[in-house]
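Chemist: In case you want the letters, here they are:
Number of protein chains: 2
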Amino acid sequence: MNKINISEKFDHVLEYWSPKIIGELNGQQVKLAKFLGEFPRHKHDNEDELFMVISGKMEIEFDDRTETIAKGEMIIVPKGVYHRPIAESECLCLLFEPSTTINTGGEQNKLTKNNLEWI
Amino acid sequence: MNKINISEKFDHVLEYWSPKIIGELNGQQVKLAKFLGEFPRHKHDNEDELFMVISGKMEIEFDDRTETIAKGEMIIVPKGVYHRPIAESECLCLLFEPSTTINTGGEQNKLTKNNLEWI
Chain A
1 MNKINISEKF
11 DHVLEYWSPK
21 IIGELNGQQV
31 KLAKFLGEFP
41 RHKHDNEDEL
51 FMVISGKMEI
61 EFDDRTETIA
71 KGEMIIVPKG
81 VYHRPIAESE
91 CLCLLFEPST
101 TINTGGEQNK
111 LTKNNLEWI
Chain F
1 MNKINISEKF
11 DHVLEYWSPK
21 IIGELNGQQV
31 KLAKFLGEFP
41 RHKHDNEDEL
51 FMVISGKMEI
61 EFDDRTETIA
71 KGEMIIVPKG
81 VYHRPIAESE
91 CLCLLFEPST
101 TINTGGEQNK
111 LTKNNLEWI
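As given, the protein sequences belong to chains A and F, one line each in that order. Residues in the first sequence are numbered from 1 upward in steps of one, following the working numbering. Residues in the second sequence are numbered from 1 upward in steps of one, following the working numbering.
Source of the hints: derived by calculation from the structure; they are not laboratory data. Misleading hints may appear alongside valid ones.
Identical chains blur together in the list; that is why a pair holds if it fits in one copy or across any two.
[Unchecked claim] Derived lysine to aspartate or glutamate pairs resembling EDC-like cross-links, with alpha carbons at most 16 Å apart:
#: 1; residue 1: K3; residue 2: E24
#: 2; residue 1: K3; residue 2: E67
#: 3; residue 1: K3; residue 2: D64
#: 4; residue 1: K43; residue 2: E15
What you are looking at is a predicted structure, and each value in this text was computed from that prediction instead of being measured.
Could you put the whole structure together from the sequences, leaning on the hints where they help?
Modeler: Right, here's the structure in full:
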């Protein structure tokens, strides 16, 4: 039960699209991730997912529209909704989602990260 | 499923110690609150609680120590742990906790807020 400095924790995130865990509560995890480029379209069948942008900005492409999320903004993507994260330049993002959530959703591919590291 | 600007949402938080809801996911809620002064010591028997400071700073007094949480920092208070939030000057805080969480924990007093408003 120590306080967590979000910016300092980002120093330990060395890869893009590779979320790291910084906290856990009520079966949910707080994760940090750095985004750059495009991530595959995917959905999470059982988990809602929160993206909060800490630095930079990102886009999330939904099937019917695209949202731009900038520093100080957040969005909740409901379970079952296809989405594709895109960052034209580096974006630092805090995620809040159940500890069961896999970054690529129902798809397993080379970007899938299992057994996430705590930082 | 619209993006949420945290700073703009704070414009709708007009009272101290009165959390407002800005999002819900997986049975959890994201809340915003403004703190000034001292809040009664309390605990939540069944809910872990996350405090993320968006502006200013706050202290959380535990029974054995005090933590200072400043802008860009967060802390997770586990269920069952007594804590007392204190803000010497205005502190803007984001809370993440189950939708069942009552601000004063197991105590009902004049600061208890039931049926929180969405903003």
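Chemist: Now tell me if each hint is right for this structure.
Modeler: Hints and how they fare:
1. K3 to E24: within (13 Å within a copy, 24 Å between copies)
2. K3 to E67: Between copies only: 7 Å across chains, 32 Å inside a chain, cut-off 16 Å.
3. K3 to D64: Only across copies: K3 and D64 sit 15 Å apart there, 40 Å inside one copy, limit 16 Å.
4. K43 to E15: Neither: 22 Å inside a chain and 38 Å across chains, both beyond 16 Å.
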